[in-house]
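Undergrad: Chain by chain, the residues:
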Amino acid sequence: MAAAATAPAVSRKTETYTDTKRRDDVRGANIAAARAVADAVRTSLGPRGMDKMIASGDQAHEVIITNDGATILSRMSLVQPAARMLAELSRSQDAAAGDGTTTVVVLAGSLLRRAQTLLSAGAHPTAAADALHRLATRAVDVLHGMAIPVELSDRESLVKSASTALNSKVVSQYSSLLSPLAVDAALSVVDPAHPDLLDLRDIRIVKKLGGTVDDTELVRGLIFDKKASHAAGGPTRVENAKIAVIQFQVSPPKTDIEQSVIVSDYAQMDRILREERNYILGMVKKIKAAGCNVLLIQKSILRDAVTDLSLHYLAKAKILVVKDVERDEIEFVTKTLNCLPIANIEHFRADKLGHADLVEEVSVGEGKVVKITGIKDMGRTATVLVRGSNQLVIDEADRSLHDALCVIRCLVNKRFMIAGGGAPEIEMSMQLAAWAKELQGMESYCIKEFADALEVIPYTLAENAGLNPIAIVTELRNRHAKGEKNAGINVRKGQITNILEENVVQPLLVSTSAITLACECVRMILKIDDIVTVR
Amino acid sequence: MTSSTVAKQDDLMDRRIGLRLSGPTLSILCHPCLAGHAFYRNTGVRLIGGIRGRLYHLTALLFSLAWICPPGPRLTFSTLPWLFFVQMERVLKDDAVEEKGERARMASFIGAMAIADLVKTTLGPKGMDKILQSTGRGRNVTVTNDGATILKSLHIDNPAAKVLVDISKVQDDEVGDGTTSVVVLAGELLREAEKLVNMKIHPMTIIAGYRMAAECARNALLQKTMDNKENIDKFRSDLMNIAMTTLSSKILSQDKEYFAELAVDAVLRLKGSTNLEAIQILKKPGGSLKDSFLDEGFILDKKIGIGQPKRIENAKILVANTAMDTDKVKIYGARVRVDSMAKVAEIEAAEKQKMREKVQKIIGHGINCFVNRQLIYNFPEELFADAGILAIEHADFEGIERLALVTGGEIASTFDNPESVKLGHCKVIEEIMIGEDKLIHFSGVEMGQACTIVLRGASEHVLDEAERSLHDALCVLSQTVNDTRVVFGGGWPEMVMAKEVDELARKTPGKKSHAIDAFSRALQAIPTIIADNAGLDSAELISQLRAEHHKENSVAGIDVISGSVGDMQKRGISESFKVKQAILLSATEAAEMILRVDEIITCAPRQREDRM
Chain A
1 MAAAATAPAV
11 SRKTETYTDT
21 KRRDDVRGAN
31 IAAARAVADA
41 VRTSLGPRGM
51 DKMIASGDQA
61 HEVIITNDGA
71 TILSRMSLVQ
81 PAARMLAELS
91 RSQDAAAGDG
101 TTTVVVLAGS
111 LLRRAQTLLS
121 AGAHPTAAAD
131 ALHRLATRAV
141 DVLHGMAIPV
151 ELSDRESLVK
161 SASTALNSKV
171 VSQYSSLLSP
181 LAVDAALSVV
191 DPAHPDLLDL
201 RDIRIVKKLG
211 GTVDDTELVR
221 GLIFDKKASH
231 AAGGPTRVEN
241 AKIAVIQFQV
251 SPPKTDIEQS
261 VIVSDYAQMD
271 RILREERNYI
281 LGMVKKIKAA
291 GCNVLLIQKS
301 ILRDAVTDLS
311 LHYLAKAKIL
321 VVKDVERDEI
331 EFVTKTLNCL
341 PIANIEHFRA
351 DKLGHADLVE
361 EVSVGEGKVV
371 KITGIKDMGR
381 TATVLVRGSN
391 QLVIDEADRS
401 LHDALCVIRC
411 LVNKRFMIAG
421 GGAPEIEMSM
431 QLAAWAKELQ
441 GMESYCIKEF
451 ADALEVIPYT
461 LAENAGLNPI
471 AIVTELRNRH
481 AKGEKNAGIN
491 VRKGQITNIL
501 EENVVQPLLV
511 STSAITLACE
521 CVRMILKIDD
531 IVTVR
Chain B
1001 MTSSTVAKQD
1011 DLMDRRIGLR
1021 LSGPTLSILC
1031 HPCLAGHAFY
1041 RNTGVRLIGG
1051 IRGRLYHLTA
1061 LLFSLAWICP
1071 PGPRLTFSTL
1081 PWLFFVQMER
1091 VLKDDAVEEK
1101 GERARMASFI
1111 GAMAIADLVK
1121 TTLGPKGMDK
1131 ILQSTGRGRN
1141 VTVTNDGATI
1151 LKSLHIDNPA
1161 AKVLVDISKV
1171 QDDEVGDGTT
1181 SVVVLAGELL
1191 REAEKLVNMK
1201 IHPMTIIAGY
1211 RMAAECARNA
1221 LLQKTMDNKE
1231 NIDKFRSDLM
1241 NIAMTTLSSK
1251 ILSQDKEYFA
1261 ELAVDAVLRL
1271 KGSTNLEAIQ
1281 ILKKPGGSLK
1291 DSFLDEGFIL
1301 DKKIGIGQPK
1311 RIENAKILVA
1321 NTAMDTDKVK
1331 IYGARVRVDS
1341 MAKVAEIEAA
1351 EKQKMREKVQ
1361 KIIGHGINCF
1371 VNRQLIYNFP
1381 EELFADAGIL
1391 AIEHADFEGI
1401 ERLALVTGGE
1411 IASTFDNPES
1421 VKLGHCKVIE
1431 EIMIGEDKLI
1441 HFSGVEMGQA
1451 CTIVLRGASE
1461 HVLDEAERSL
1471 HDALCVLSQT
1481 VNDTRVVFGG
1491 GWPEMVMAKE
1501 VDELARKTPG
1511 KKSHAIDAFS
1521 RALQAIPTII
1531 ADNAGLDSAE
1541 LISQLRAEHH
1551 KENSVAGIDV
1561 ISGSVGDMQK
1571 RGISESFKVK
1581 QAILLSATEA
1591 AEMILRVDEI
1601 ITCAPRQRED
1611 RM
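Protein chains in written order, with my numbering: chain A, 1 to 535; chain B, 1001 to 1612.
Take these hints with a grain of salt, some might be off.
As the list claims (entries may be wrong) - Pairs of lysine to any residue residues, derived as SDA-like cross-links and limited to a Cα-Cα distance of at most 20 angstroms, are as follows: (1) B:Lys1302 to A:Lys286; (2) A:Lys286 to B:Lys1310; (3) A:Lys299 to A:Leu309; (4) A:Lys254 to A:Arg277; (5) B:Lys1310 to A:Gly282; (6) B:Lys1343 to A:Ile345.
To be verified - Here are the computed distance ranges between Cβ atoms for each label pair: (7) A:Val63 to B:Lys1427: 52 to 58 angstroms; (8) B:Lys1427 to A:Asp328: 28 to 34 angstroms; (9) A:Ala289 to B:Arg1311: 33 to 39 angstroms; (10) B:Cys1603 to A:Glu326: 55 to 61 angstroms; (11) B:Lys1310 to A:Asp141: 17 to 23 angstroms; (12) B:Asn1417 to A:Glu326: 38 to 44 angstroms; (13) B:Lys1427 to A:Arg349: 31 to 37 angstroms; (14) B:Pro1309 to A:Asp270: 32 to 38 angstroms; (15) A:Leu197 to B:Asp1173: 37 to 43 angstroms; (16) B:Asp1291 to A:Gly367: 42 to 48 angstroms; (17) B:Asn1321 to A:Asp328: 22 to 28 angstroms; (18) A:Ala29 to B:Lys1507: 38 to 44 angstroms.
Treat the hints as calculated values from the structure; they're not laboratory data. Each residue gets a CB set at the ideal place from its N, CA and C atoms; glycine is no exception.
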């Protein structure tokens, strides 16, 4: 491969013969495969992006409709190694920023296309890769230059950026409802002790079929997607609740060592039944004695957590029972209720209970849920009840809400916002192209090419919105050249406007991580010259 | 040995390549002996015994060969030696294959060179990566530049190629870096040896020449080493240079200063021990490589139990591997027979009581942190929470072993003698968050040199490769701390050695000098490949470099970035002497070993069923 124009001072021809045929082939095949993946998700970019229906190939024939790049790519069963790298790229963006998962793949695809041109023009792959690295660092600087600082107290800005994330989703018409909801949920779990940390695991999303997305609500408290136990007409509504989370079982005793009860005559049978009854009654009495009136019981795999008999006694004692709470939910539940789990009946004390104003069973759609509200000293958690008319919508709403929450998390981590609508990309492209002119040799050439590649985002946005992409992109370029840094594509009006006025904003972290991750991935693909099959 | 055959080497080569590439089917077709053998069986000649039979057999074979292969000089010359093979068949089992003399040597040469050529392109700062695609389940993909990793995962049949894979493995274990170089050098040595063999020089003569040359090269390098052991600042900058040189050919090349700093800090903490176990490398996807950081202490990827303190100061840690569900009676079929429910309840209570006692015993050690390899069930977890003890369940094997090592504790499994159990200590235990995950951080640990490098990166591929690169750098650095001699990089050591070896060749009379000459050419092949990989004109560069080195005390090497011959001292490109020495010696030894081979016997695979 000739590095003919690496630098004018040391330009020399390659005279040696190297067999590069196969190497080019592998690289070419990798680039082609990766670009094919990028093209597959390209149409789902932007507010007017289209959705994909994914049918799983197995027996279940599960169908998913989504617009989320990470979801699409993770469901595609890719085999080609380079294509899989792109799918993984989108997953990393999901982990790092949560949003922009399509953008990052489209960006990588476009960079690869330019890289291919460069390679065929005789650039050495490592020269292109190094140029790409410098470009990424510089691009991040450009983005920082156009970022707008934001305060967490500025609820309105947060809502704006959340709604930008939601606008490209199926549920975009509900963005006015969902985005404030996401912001409130996120802000309510931010711990004042660690103001720049936001753990999304503290926000629980409960999905319930029925109603429409409009009925989605943020619950200040806790929701169990389960019925309260009705076995013996126990209470379904308890005020001034004292809640216990128990990890033991209210059922006949069972030992770890194998045991058998030997019954030798009829009279003994009666006695055993009586004993069992007394045993359970004793437990229930102890529970009642501590003042508990709501019991959350952890699911047990070893034996029945509750039996009909114990439910009967608990109902008699006017205790509301929710059974089958999963073990991994316990931490969330105890954190929210500000109580401690109880693993043994002997430890059942009043100081381990949580307090709430109201625990009630509510019917939601066709099912019922248990709602706990007015919790005293509630932990920093939030629960969102997502509703929808069918499972597909609910799932998509869930994914969209997750994206919106991630956007807020980005803003919590890094409190800067940036304009949306293709504005940052075109600005980067222009500034980098200008910078390329200051450089020399191959690097300058590569950076020029890659800078052009960034225009793919506004181009695709316009294309997906049914606008004339060339007219839009050139006008956009023109406006940015005039110094309107925040001019972007207004998809709704179909023209170029100051995108900040349209409230289209996104967190800085999404853009910076998209460009750095895409560059890193492309560099890696460029540097591969062989595929070796191994064990 | 002078060549016993008059076969044309090229023809043989071609045929071997054919064999190598196209698998067993073709090999049966091509193998002249087997073809004859088949003929001989089919025609039932075997029935005729005695000398007459043998004669018949020979004629039949000759006939069959003449019949199968196109007539011509090739046939008569190259197949004649194979006739002697017929007798051998009686010695070996039916399917055992034997290759002798020229052919055996040729097979090893070609195998070794094929391996060397495979990894050749990864050499140097502009070397390329390879995708390793697994054929196993999941078809996992690894992207790597590390020679040892590539070679380790290959399917290899050729015995000589296996030797090369082994030396790369040994290089990895011993010094950690130079795994590609050692294979490439061995490959080049064999390539040169092949030419010499074709010139009818006996392999033993070549070996003798190689030995002399290697000794001479080592001495030449030894004289030019630099040692900055006394000067701490200079030594540190040496280490930095070495780390950067190692990293520059890897994925971390763009952030090499940053990572070199990380690696040097980590290794200097070790204070001369080569125990890299004290350096924990933790991979967390997300962020970019620049977000990686070095942290003193130890990080465990686990969660703290519910309701337990999230931060502990002056922790006393008990590391254990014990069942925290119940101590089961391990006798098969043991069971309890009772006649009433109350008794079952009693037994249950007794079991609970046993558990409670166990927990009490553990608490009795005066600890405030308990780390168990096995699960801790709800009941003991609550007991620990009540006692204000931080309990971590289900830590992995490696995790607890390392934790025990760095905190200075011992892994306990019985708790009856609190005085005999060694507790671990650390200043602070707290929950930290990296990316999206919560981890437990032990800082101020007993073993002061312990530290953790947290790697962040775009994807698993990047992280895995970054870990391999960093591991290489750490290995080299820890070796350099013990053996502080340093040489320049960028092809400088090879050229220095080549120059001395050249001199030696001129002084040495006899056939050996050819071999010594060849050694010098093989050494020069390394900078040639580095230049080729960077797309530079290697012929031009190497000749310039050689001219530079003709002057006394030259520090010239190839500067790949600017594509010219440059001053290695100014560029700060250094390598560890120990690595270079290991490359030289083990490559020579491997080449020697392969050269000595004159017969390859492939044992018959065990038969699944008797065919006859």
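Undergrad: Each hint needs a verdict: does it hold in this structure or not?
TA: Each hint, compared with the structure:
1. B:Lys1302 to A:Lys286: Between Lys1302 of chain B and Lys286 of chain A the Cα gap is close to 35 angstroms, so the pair fails against 20 angstroms, i.e. violated.
2. A:Lys286 to B:Lys1310: violated, 31 angstroms
3. A:Lys299 to A:Leu309: Status holds; Cα separation ~17 angstroms.
4. A:Lys254 to A:Arg277: holds, 15 angstroms
5. B:Lys1310 to A:Gly282: violated, 36 angstroms
6. B:Lys1343 to A:Ile345: holds, 17 angstroms
7. A:Val63 to B:Lys1427: 52 to 58 angstroms: holds, 55 angstroms
8. B:Lys1427 to A:Asp328: 28 to 34 angstroms: Holds: the Cβ-Cβ distance is about 31 angstroms, inside 28 to 34 angstroms.
9. A:Ala289 to B:Arg1311: 33 to 39 angstroms: holds, 35 angstroms
10. B:Cys1603 to A:Glu326: 55 to 61 angstroms: 57 angstroms Cβ-Cβ, so the 55 to 61 angstroms window holds.
11. B:Lys1310 to A:Asp141: 17 to 23 angstroms: With Cβ atoms ~38 angstroms apart, the hint is violated.
12. B:Asn1417 to A:Glu326: 38 to 44 angstroms: Roughly 39 angstroms apart at Cβ, these two residues keep to the hinted range, so it holds.
13. B:Lys1427 to A:Arg349: 31 to 37 angstroms: With Cβ atoms ~34 angstroms apart, the hint holds.
14. B:Pro1309 to A:Asp270: 32 to 38 angstroms: This hint is violated: roughly 50 angstroms between Cβ atoms.
15. A:Leu197 to B:Asp1173: 37 to 43 angstroms: About 42 angstroms separates the Cβ atoms of Leu197 of chain A and Asp1173 of chain B, which means 37 to 43 angstroms holds.
16. B:Asp1291 to A:Gly367: 42 to 48 angstroms: 44 angstroms Cβ-Cβ, so the 42 to 48 angstroms window holds.
17. B:Asn1321 to A:Asp328: 22 to 28 angstroms: holds, 24 angstroms
18. A:Ala29 to B:Lys1507: 38 to 44 angstroms: violated, 53 angstroms
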